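Here is how the chains run, residue by residue.
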Amino acid sequence: MSRRELRALRPGGRRVAQHRVQPTGPHWLLAVLLVLVTGAGFWWSGTAPHPTGTRTAATKPVAVSGRTFSCTGGLPGAVAVHGHLGVPATTTTITAPVRLRVSAPAQASAYAVQSARSARWLAYGACPEPRSDWWFVGVGSSHTHHTVLTVANPRAAEAIFDVSLSGPRGPVNAPGLRGLALRGGGSRTIDLAKLGPSAGDLAVHLTTSRGLVSVAAAEQRSAGVLAKAVSEWVPTEPGPGRHLLLTGLPMLTAKRATATLLLANPAKTVVIASVSVVGARGTFTPSGQKPLDLPPGAVLSVPLSRAFTAAPGGLSISAQQPVVAAVRSLVGGIGGDEGYAASGPPLSGTAVAGIPAKVSARVVLSSLNATASVAVTGYDGSGRSLGSHRVAVPARGTVSFPVSAGARSVAVTTSTGGPVVGSVVVRGGHGSASTPLASVTREQLRPVVRPGW
Amino acid sequence: MKVTALLVSHNGSQWLPGVLAGLSGLSRPVDRLVAVDTGSTDDSVALVEQAFGLEVVRLPAPASYAEAVRAALAAAPPGDLAGRAEEGAEEGAEEWVWLLHDDCSPTAECLQVLVQEVERAGSKTARKGADEVVAVGPTLREWPTLKRLLEVGLTISGTGRRETGLEAGEYDQGQHDVAHQVLAVNTAGMLVRRDVLESLGFDDELPIFGNDIDFGWRLARAGYATLVVPDAVMFHVEAAHRGQRDSARAGRQRRDERAGALYTLLVNSPGWTVPVRAVRLLAGGLLRVFGFVFVRAGAEARDELSALGRVYARPGAVLAGRRGRRGLPLLPAQRRRRLLAPVWMPYRHGLDFVTEVGTAVVSTAREAVVRRNSGGATGRPEPGSRPDERGVVATVLTSPSVLAVLAAVVLALVAGRDILTGPALQGGALLPAPDGVGHWWGLWHAPVHVLGTGSAAPAPAYLLPMAVVGTVLLGHPGWVVSLLFVLAVPLAMFSALRLLRRVTDGPWVPLWGASAYALLPVVSGAVNQGRLGTVAGVVVAPWVVTAALGFGSADADRRWRAAFRTAFALAVLAAFVPVAWLLGLLSLLAIPLLVRPLPKAGMFVVLAVVPLALIAPWAIATLDVPGAWLVEAGRAGAVPAHAGLRDLLLGRPGGPGAAPAWLGTGLPLAGLVALVRRDTRAKVAEVWVGVALVALLLAVVSRVEVTLPGVASSFRAWPGFLVLLLQGGFVLAAAIAADGLGSAWRRPVVAVVFGMAMLAPLAGVVWWLGHGSPGPVERRAAAEIPAYMSELASASSLGGVLVLTGGDRTAISYRLLRSGSLRLGDDGVLALTRPDPHLTALVERLLSTDLPDGAAKLASYGVSYVYAPAPVSPSVSGGLDAANGLSGASATAAHARAWHVDARPTLGSVHTEPSRLHPLLLVVQLLTALGVLIGALPGRRAA
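Chains as they are written, first to last, in this note's numbering: chain P, 1 to 453; chain U, 1 to 943.
Don't read these hints as lab results, they were simulated from the structure.
The model shown is predicted, which means the values in this text are computed figures rather than measured ones.
Treat the hints with caution; some may be incorrect.
Covered, in the sense of this in silico footprint (three residues per stretch, anywhere, with C-beta under 8 angstroms from a C-beta of chain P), are these stretches of chain U [what the hints assert, rightly or not]:
| # | stretch |
| --- | --- |
| 1 | 435 to 448 |
| 2 | 646 to 657 |
| 3 | 675 to 682 |
| 4 | 693 to 705 |
Chain P residues, not near chain U, derived (Cβ > 12 angstroms throughout) [stated by the list, open to error]:
| # | residue |
| --- | --- |
| 5 | A31 |
| 6 | R169 |
| 7 | G200 |
| 8 | A227 |
| 9 | K228 |
| 10 | T377 |
| 11 | A392 |
| 12 | T413 |
| 13 | V448 |
Just so it is clear, CB atoms sit at the ideal spot from N, CA and C, and this is done for glycine as well.
In isolation and in its complexed conformation, chain P is listed as follows (with noise of 0.2 angstroms):
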């Protein structure tokens, strides 16, 4: 052994002693048997499987654990009709936004409605439910149209809100409209005509910047100041959207009855819509009816032809943004009755509505694309069946099936099919009224919530 090999051998340094390590074995096969694990080493950790972990959702579903409706009345004469199926409605006189809270498991099938009448005219709308964004279609805030926006909050906490309006020029300049507070369980009202007064028909837009709240529009019109008014809720928009069905159109088969599409622009650009009929055999668009230009941000009305309203049908209308709509029948000519229809939400599941007493109601359905099959079923006053009718929606078409006579409740469920759109038509004395059907929010999709890292 050479000294240079001493030395490295030597692990010592330069004041150590040497020793002299003696391998066992041959160094050669040695060395190949290292570089033979070393290499098994390197190949067990660069196959190694990549990568790790499992993705988690975004979301979960959570069983919704009750719903508090806000009955506000605003109308003369105003009562609430609510309750769940199985049990007996109630009827509640509204002298005050009555606060109605529904806890599991009874809150799947619950429903409140509220309608006021007189002998010209009669006024149906859901209760509202809490929520951070509303929108009204068609209000006014003239003296002989005019609207009073009650806001309720029935939460504990303190909610702050805005409202914006907007008119048929565009925005509309109203003071004292930002940053309205509502202490918890608290109501206001709104009258729109005291902001000052604006011709035409105008939107309200209505955010929460904390809280939640419950908003009802009540709108009182009359032909000229000295006429009689008559009066209606502006029922609730979902919501802008690019495309929008309207169900619960008035038959307006009468001579003097017209009919108004009112379409609210929210964007800063002209957004151009096209309208078309979803009637009882299918969809189509009315010869002359050409697409219509929104002005941007505000409220365009314009008159509907008999095309659109001879028979029961629904109103599509798709645009290139986002827009709300509504549309406005008056039957009867002066004094006669006013009534709305509002877009609604595809129903999924049952959708549950409360029919006020001595009316008669239809439910009017319309399917976006496909044929879809849908269960009516009416509940009398004490909470009992009074049959099941399955009624078939064309694809693309629109029916209108009349709900048993005597119910006060009607549940609507889809099983096949659709998706479906679909309203509550009522008619008593000289007036109609109608209200979207929304169905019963049985779970919610919660944000998945982890620890970050």
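Fit chain U to the given chain P structure using the hints.
Chain U only, in chain P's frame:
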């Protein structure tokens, strides 16, 4: 005057002939000789009786010196001498007693000079009224006739040290020639007036040692003077002091001397100083014990402790001693100043000690440098070469290693130009360093942390070394991080050079190896990804190997020191890269194959257990979290990285900021080819054993999915350290094989490998300089949350900020920040902290339901603000806008959202229960650190 010589003997037969000869040859003979023996077992008695024909007074064995003197005086009453003196001229002359030991031999003139001095002093006293001289003593020199001085008078310092006023090894050149007053003289050769000796006597509490100083002190207090007469010379063995006397008391002389000194100080000092002095002596004694332990002088430490115990456990003896001296007046201040050692004397000794140590260290270092420069690893200068006589500075500055490291520093500054200055270094796996080093110390010692929802998890082990360095760097934690990341290459180069110079001979091979190794953290992307663990690990790893080389020493003490040093370096390494401890355990299995002679079992225990104990607070608390042992320092799973087989082979563990893999082809190739050379194959194979172990560990680490309690998803540990260690192994193997290759590299195959191996560091440097710091590590301000929230959060633990991210297509993640952004070290704690499920549920419900007391519950976690950085998901903004008790706040950044929690924050829901084990583990850690320091440093005997 008459002189009675009083000889006390105890097993002194080896010196007695000399003593007796000296007594016989005196120019002024003694008038009477009394001998007393304290139970000798040798022929001491016979020797004395034969020489002088007298009867020796015999006392039983453990008789004290005081007893012996008393017995001797009783056996030789004054009347006997007076009767004999009737024939002489002097009537009624004073009788003086000359105290002699069996190990001291007077010169012929000794007694004559002493007697002359007594007579001269007597006449001087009569003339000037000075203090009456009742005791004189000679100069003591080394036995038998050496010139080295032992004592020229004695005194005692405030710490109980026996002061002679002489320098160590001072020669008697007549420099001490004037008789002068001293506090005391040694009993060996003391000539003392009999009546005074009888009346004052020696203290029985001081059986052998220290009785001379006590006696002199009492003489002085009684108003007498003690003179030392330099011209009188006595040779003294100091047999008892040096432990050369065969005696029952042998072996405990240090303890007895120390106890005697403490006792002497306590009984003779003024009463009002005693409490302070007692405390000071106790504290000083304990400090000395500590110091002795520190230099591994166990016997000295034991004696010191035992002396303290003897004195302080028996306060009654001190009180009795003080009572016995009650009749004696205190020393006047003037005489106290003259006779006792000055107060600064202990400090001067301390300064002398420090100076000596410093000088020794400097000269040792210089020798080492000179030796390395001239003789390489062999440590022997080349034959015929002249010893290097340049100065230390010149020697150091012309060393190729120093120049190489300096060059690396310059290159590092150029390459790190983007990250030299600015706000905190962060990004990738690196969190910004805290503003003060107190943050790290706090994390280290606190048993519970107000981080997130509160945590009793241990701080990461690397915080202690970081905090120590940060404290040394004037309390700037940011400097520690900058130092590591900017100067990673020179630091790694320094440690690698140190290792390679010890295993190779030539000057160039270590330089190549160190350069190739030092560039690894940069070219692998570890620096750019902020991999604190890998960067620190690459710097520390060569130190572990260097320390382990000490196992090859033949000297058992050196091997033990190597064990402690290796264990310490391994602990530092494991603090940053815990998997290194596992590697250390595996390596223990290989030690029996590699090291001869086989290390003792205790060394194995030290290597296995001590690193664990040094990181005990972290290690013990993470025993139930095996994943924590696989991840390194830095934010776990922060940078997604995946490396394939080719990347791993070429030293690229995956992730951004790495140089092209092909640059590193030369290193594994060179490591493989190193096995070809026959004469170094054995040594290279040893390195390959280590490489194979690391490769196996790498395979395990790469395949295990790590889950940590505080990290939301499982991940694979970044294998950076092990991958770079493998490359380091290739470098080491290649360096050993290339050492002394001579002209063999001209062979084609070798030349190709040689060229590729050279390419690795050269191309690496070019890439490094060209790319600088591509990130993700960069210097930027920590702006995770708005500044006003950070300020509030830093000021109070009630200013917590809940940060919400994600929500659009991913789950919503929340983090609860306590003092602004997370800082380096916080991540380690949070990774081991199980998130509070109540808070998760609360945030979820807050975002989706009407929770009447949601804000109050959030406030009970000490949350003041909720912040969502841009882009904010509608589910977050909508949920929180609708939530009860939250109001909007300024978010400062565009598209970000912030909410203020209206309820008053408390820490009611924060986990505040401390870890009970933590204080105990800290004590274990500190004691082990102390033990390792003692074990790793050269001991007193070894020095």
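Hints versus structure:
1. Under a criterion of three residues with beta carbons nearer than 8 angstroms to beta carbons of chain P, the stated coverage of the stretch 435 to 448 of chain U fails, only 0 such residues being counted.
2. Coverage of the stretch 646 to 657 of chain U by chain P holds [criterion: at least 3 residues with CB-CB distance below 8 angstroms; count 4].
3. Counting residues of the stretch 675 to 682 of chain U whose CB lies closer than 8 angstroms to any CB of chain P gives 6, which reaches the minimum of 3, so the coverage claim holds.
4. With 10 residues having a beta carbon nearer than 8 angstroms to a beta carbon of chain P, the stretch 693 to 705 of chain U meets the requirement of three or more and the stated coverage holds.
5. Not every beta carbon of chain U lies more than 12 angstroms from that of A31 of chain P, the smallest distance being close to 4 angstroms; the non-interface claim is violated.
6. No Cβ of chain U comes within 12 angstroms of the Cβ of R169 of chain P; the nearest lies about 31 angstroms off, and the non-interface call holds.
7. The Cβ of G200 of chain P lies farther than 12 angstroms from every Cβ of chain U, with a closest approach of about 32 angstroms, so its non-interface assignment holds.
8. Chain U leaves A227 of chain P outside its interface by the beta-carbon criterion, the shortest separation being 42 angstroms against a cut-off of 12 angstroms.
9. Every Cβ of chain U is farther than 12 angstroms from the Cβ of K228 of chain P; the closest lies at roughly 41 angstroms, confirming the non-interface assignment.
10. Distance check on T377 of chain P: its Cβ is at least 31 angstroms (rounded) from any Cβ of chain U, clearing the 12 angstroms threshold; non-interface status holds.
11. A cut-off of 12 angstroms between C-beta atoms confirms that A392 of chain P is not in contact with chain U; the least separation is 38 angstroms.
12. The claim that T413 of chain P lies off the interface holds: its Cβ sits roughly 27 angstroms from the closest Cβ of chain U, which is beyond the 12 angstroms cut-off.
13. With a least CB separation of 4 angstroms from chain U, V448 of chain P falls inside the 12 angstroms interface cut-off, contrary to its annotation.
Taken one by one, the earlier hints fail for this structure at numbers 1, 5, 13, listed in ascending order.
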